[in-house]
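Chemist: Just so you know, we're using the numbering used here here: the sequence shown kicks off at 1 and counts up by one.
Derived by calculation from the structure, the hints in this document are not laboratory data. Just so you know, these numbers come straight off a predicted model, no measurement behind them. Every residue, glycine too, gets a C-beta built ideally from N, C-alpha and C. Don't take every hint at face value.
Stated by the list, open to error - Lysine-lysine pairs mimicking BS3-like chemistry, simulated, CA-CA at most 25 Å apart:
no., residue 1, residue 2
1, K85, K122
2, K119, K85
3, K124, K85
4, K85, K125
5, K106, K14
6, K14, K124
To be verified - Each pair of labels, with its calculated beta carbon distance range:
no., residue 1, residue 2, range
7, K37, R63, 22 to 30 Å
8, G35, A10, 17 to 25 Å
9, N95, I64, 15 to 23 Å
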Amino acid sequence: MHPIVREFEAARLKTSKFDFRPGDTVRVSVRIVEGEKERVQDFEGVCILRRGSGLGETFTVRRISYGVGMERVFPINSPRIEDIKVVRHGRVRRNHLTYLRELRGKKARITEDLLRSRKIAKAKKELAVATAAAAAQTPQA
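Let the hints inform the model, and build the full structure from the sequences given.
Modeler: Below, the structure is given as structure tokens:
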């Protein structure tokens, strides 16, 4: 890649990488402009694929609403995306879960990856303890 393009992308990439994979149930908070008003709308569903890299990286979220399947493609580095929260970690063996489009009911379910959920919870707990310990050691002015 050309150095000028690399520099341009580096300036616009979001610093906090969102840690989710295909199969995870995610809640995407998107800023929506309606006339003069601006509000945040959540879109929750299963991430069925993640593709691209750099500024062009996107992910697709699928959900069933009133019996109708809906999919939205979000650019990860979009300024309209406020937050992406992982609701549930899914255990899958594929990177592109487009086969879920044809499945209905119980066949379309994804089992939860409890091991990954526990590891992340443990890491967050250790980080909180380390942060509290560091705050306790710093002298108060």
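Chemist: Against each hint, give a clear statement of whether it holds in the structure.
Modeler: The hints, checked one at a time:
The straight-line distance between the Cα atoms of K85 and K122 is roughly 17 Å, inside the 25 Å bound, and the hint therefore holds. Distance restraint check for K119 and K85: the Cα-Cα separation of roughly 16 Å lies within the 25 Å cut-off, and the hinted pair is therefore satisfied. As the CA atoms of K124 and K85 are separated by approximately 14 Å, the hinted pair is consistent with the 25 Å bound. Simply put, K85 and K125 have alpha-carbon atoms about 17 Å apart, close enough for the 25 Å limit, and the pair holds.
Taking the CA atoms of K106 and K14, the gap is near 37 Å; set against the 25 Å cutoff, the hint is violated. Distance check on the hinted pair: K14 and K124 sit about 21 Å apart at the alpha-carbon level, within 25 Å; holds. The hinted range of 22 to 30 Å is satisfied by K37 and R63, whose Cβ atoms lie roughly 25 Å apart. Here the CB-CB span from G35 to A10 is close to 35 Å, at odds with the stated 17 to 25 Å.
A beta carbon spacing of about 22 Å between N95 and I64 agrees with the range 15 to 23 Å that was offered as a hint.
In terms of the numbered hints stated before, the structure departs from hints 5 and 8, listed from lowest to highest.
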